[in-house]
Amino acid sequence: MTATLTRDLPTTQNPPQTTHPAIELNGLTKEYGDLVAVDDLTLQVERGGVVGLLGPNGAGKSTIIRMLLGLIAPSAGTGRVLGDDISRPRAYMDQIGALVESPVFYPKLTGRDNLRTLAVLAGIDDSRIDEVLEVVDLTGRDRDRAGDYSLGMKQRLAIAAALLKDPELVILDEPTNGLDPAGIVEIRELLIELGRAGKTIFVSSHLLAEIQAACDRVVVINHGSLVFEGTTRALLEQSHDELVIVPERPDDLSRLAAVLDEAGIEFLANGILLRAPEASSQAAFVNRLAFNNDITLRELRCDVEDLEDVFLRLTNARKAN
Amino acid sequence: MLRTYRSELIRFKKTGLIGAGIMVAFTALITMFTFIGFDGGDAPGPGGGQRFASVDLASADGWIAGLAAAAPMIGIVALALFAMSVARDYERGTIRQLLVGEPQRALLLGGKLAALATFIVAGIAGAAVAGAATALVFSSSAAVSTAAWTTGAGLAAVASTGLNVLVATVVWGLAGALLAMLTKSASAAITAGVAYMLIGESLLGLVWDTAAEWLPSGTLTTFTSGGSSAVSYEQSALLLALYAAAFGVATFVVFQRRDITD
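If you're matching them up, the sequences are chains A and B in order.
Numbering-wise (our numbering), the first sequence opens with residue 1 and increments by one.
Numbering-wise (our numbering), the second sequence opens with residue 1001 and increments by one.
Keep in mind that the hints were calculated from the coordinates and are not lab data.
A partial selection of chain B residues facing chain A, derived with a Cβ cut-off under 8 Å:
hint : residue
1    : 1003
2    : 1011
3    : 1093
4    : 1094
5    : 1100
6    : 1102
7    : 1259
8    : 1260
9    : 1261
Lysine-lysine pairs mimicking BS3-like chemistry, simulated, CA-CA at most 27 Å apart:
hint : chain 1 : residue 1 : chain 2 : residue 2
10   : B       : 1013      : A       : 108
11   : B       : 1013      : B       : 1184
12   : B       : 1184      : B       : 1014
13   : B       : 1184      : A       : 108
14   : A       : 108       : B       : 1014
Here a beta-carbon is modelled for each residue, glycine too, at the ideal position from N, C-alpha and C.
Full structure from sequences and hints, please.
Here it is as structure tokens:
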């Protein structure tokens, strides 16, 4: 699939010359009775690149996406997509491709005919159907009924549908759901390629590794509120580390604790080991201290939070608030 | 709206054509039963019901009488078709995809209803031909003259009956669309619509004598029959126009205002 990307994707190499961000939300709120699905959300997504929307189930990701697409109306706040107000989706929808939640098609129509109905609806020439089918590697199966497709194939077809308009902004809700590992890699490469081609890809996912691998920037939400917004690197820089110190003999634990205490290193005792938060840089020092005090260490390692740990910590912290 | 119309034609082609085919089959069948005892004069039929006299078949509207008789069944098919087309997009979630393609909801719904109306027109045209062909077979087998069919009065009867059935069928379709929009379920909408059509209004008639004169099903029957002793054709047409407007506007308003959470 990758080989066909550069041929089939639009040739735009630079982001469009415009001052409008791809997405701009200001105090956006959606309430269902007492339930606040999206709570006073303010964020800005600049154009170009792949932006991840992260959040646990029920965080409000799909609600945000639906509001961006004009499928549901906000209870309060404002939003703009490509510079146009979300209350008038027709103004920008011809530049948007989207996959909302699960891929849905008319099961008795072929994959090609499903795309044809959407192409006709959007006023797109039929020739574009062949291009997007090739991009998602469905060319040989396009005349099969969509109802006979595997979930992975439906997902590809949905992505093909999202790309039909050659959109400026592609909004994808869990695009790798149901794909096998090879399919996940292909979709990831496709998203990266699209981002490099100047498109803005706004993709929600619960697969943190995917977000980490594909996205330049990340928006993390929980309970409808913004938890983090920034580059993926900046999110990872929020990761905490700790030094795990395990003496060879459990009897040495109390003595080791006394030595660390005397050296001013904060730690937590946990059974047969000590954990020293944010002390990874002091590993060599701790090793020397132990050696100088005739304590042999069985284990001395640095544990660094990965994206998942950071995500869980951020969202749990938010829940606690 | 032309784009949504064309898109819906592709999407609903198979179901729409099946629906039109059912209309044709119903009409042929009902025409057959209508004329099966046409030469029985004024004598009651085998079940004690009314028989059509041969003069009916020979009259100017003889070749379209089957379509008129089949109108309620055609109405049920239309109600089901509209309900299925509207509700299934909610049931499957394809409504999301459609609105990404055409965010102007009024245009999307307008195109959809126009496409459905096209299938209805095709179905009624086919039904009229099937009814006429069946009537022709009966007339030739009974040596009944069909000379009146092609007179000016005969052609006028075809036009007026065809138009009446078409209007009535579209109103049933709009009722189906509204029920589907409210329930977001094809089966619930069809069940509610057909139950009301076949039973509900009759029950209301038991407690309210004049109900049949102005409730939808009774109005539709009066309209397709060209009026009744209590309600003139013009009055029923006006009432029907009000029902059509109410069903149509309510469907549009619900669709326009509702969040798409499916």
